[in-house]
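Take these sequences, add in the hints, and give me the full structure.
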Amino acid sequence: MRDDYLWDKSGQPDPEIERLEQLLGNLRYRRPAQDLPLPERSPVQTRRSTFTTFLAAAAAVLLMITAAGFWLTLRSNQKETARALAAVVEPGSLPGALNAASISVITVRTTREPNRPEHNIIATGASSPEKPRRATVIKHREPSVALLAKAAPQALRERISEDEGVAAREQLIKALHLTSAKLNQVQRKVLDNKGAGPVS
Amino acid sequence: MAGQAPAVKRMPAVVEASPHALLVEAARSGDQQAFARLYELYGPMVHGILLARVPWSEVDDLVQDVFLLAFRRLGSLRDCAAFGAWLAMITRNRAMDFHRRSRETTELPEDLARVDSKQAEASEVLALIRTLPEAYRETLVLRLLEGMTGPEIAERTNLTPASVRVNLHRGMKMLRQKLGGREDI
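Those sequence lines, one after another, are chains A and B. Note that the numbering used here has the first sequence beginning at 1, numbered continuously upward. Note that the numbering used here has the second sequence beginning at 1, numbered continuously upward.
Keep in mind that the hints were calculated from the coordinates and are not lab data.
Computed beta-carbon distance windows for the label pairs:
{"hint": "1", "chain 1": "B", "residue 1": "T131", "chain 2": "A", "residue 2": "D4", "range": "25 to 33 Å"}
{"hint": "2", "chain 1": "A", "residue 1": "R19", "chain 2": "B", "residue 2": "D61", "range": "27 to 35 Å"}
{"hint": "3", "chain 1": "B", "residue 1": "R78", "chain 2": "A", "residue 2": "D163", "range": "51 to 59 Å"}
{"hint": "4", "chain 1": "A", "residue 1": "K9", "chain 2": "B", "residue 2": "P133", "range": "21 to 29 Å"}
{"hint": "5", "chain 1": "A", "residue 1": "S10", "chain 2": "B", "residue 2": "T131", "range": "27 to 35 Å"}
{"hint": "6", "chain 1": "B", "residue 1": "D116", "chain 2": "A", "residue 2": "K189", "range": "47 to 55 Å"}
{"hint": "7", "chain 1": "A", "residue 1": "D4", "chain 2": "B", "residue 2": "R100", "range": "39 to 47 Å"}
{"hint": "8", "chain 1": "B", "residue 1": "L22", "chain 2": "A", "residue 2": "D3", "range": "29 to 37 Å"}
{"hint": "9", "chain 1": "B", "residue 1": "M96", "chain 2": "A", "residue 2": "D4", "range": "32 to 40 Å"}
{"hint": "10", "chain 1": "B", "residue 1": "R78", "chain 2": "A", "residue 2": "R169", "range": "43 to 51 Å"}
{"hint": "11", "chain 1": "A", "residue 1": "D3", "chain 2": "B", "residue 2": "M89", "range": "24 to 32 Å"}
{"hint": "12", "chain 1": "B", "residue 1": "S117", "chain 2": "A", "residue 2": "R31", "range": "19 to 27 Å"}
{"hint": "13", "chain 1": "B", "residue 1": "H99", "chain 2": "A", "residue 2": "S76", "range": "55 to 63 Å"}
{"hint": "14", "chain 1": "B", "residue 1": "R100", "chain 2": "A", "residue 2": "T66", "range": "43 to 51 Å"}
Just so it is clear, CB atoms sit at the ideal spot from N, CA and C, and this is done for glycine as well.
Printed below as a string of structure tokens:
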């Protein structure tokens, strides 16, 4: 009978339980719901918006990585062409004080003139910091960069591949820096978004 | 009796949508009135669970914290029928978090700021209840302090009525023993 009162307040009341109820009832929670400052946005909306933000951030990062990869590939091709070109030009074969080792190629372009095969590769650059030269014509009969590399001596080819390795490593480090910076930026944006919104 | 393990059997998943589950669903989609109703329904449970763990003076603020946290995380609740158990878990975690953060501070006696002797006496009984095993102390606080009945406790906490009944019975027996040693209460 007394257990019923403890269970659902039915049956004969237990005086000790009643006394405890009265005593502890002083500490009962009586705060009205109006006191609760709820945010305006619903939890589902917030969740959806967080998801959209993450999706946008992921898409931005992917786009940046693709663009960086494309740019680095283009740059790498350009450098290879320049190195191969520099490797086959022996010191003393160039006019004046121009030295193959000090050539700093800025751009390389090929021309396809059947009548003048000896002038089909033109390197534009500076010979040295002291004597800058622009548009130096380098004589060569083969327009293909691959063939130019083949024509280089063994030692030079090894140097080319070593340089390529160093360049590839540098490119990889740059790409990683770029990606890391972008990820940091995205993370900051997401955190800002969380902080600015009414709910997180 | 002290060696007996408290009963903590949970209710099986509810297939039909209960009125509380409908309120939870409405609150999830931004209905603040529905959430206010949930606050009224579950406020005593949250208050009781906190009171069984943290000082009385801190509980009111923590109740608000728990409900705000629950509102923010409501989107992640998969089963609306399990709202009570989910909210109880958030409440217990919040209480643990409170103790973790205030480890370095020393709690002042609760009757220091109060002159009301009834409240001081109530605090003493509450301190005795806090010495009981967790499942007993939570159930007893909800029953004796918050005024909830056994079936209400079972419904809110998602425990089976049988578990709540066992916990009430054993907890009350232990409390009587402890009160027997205190003639002043």
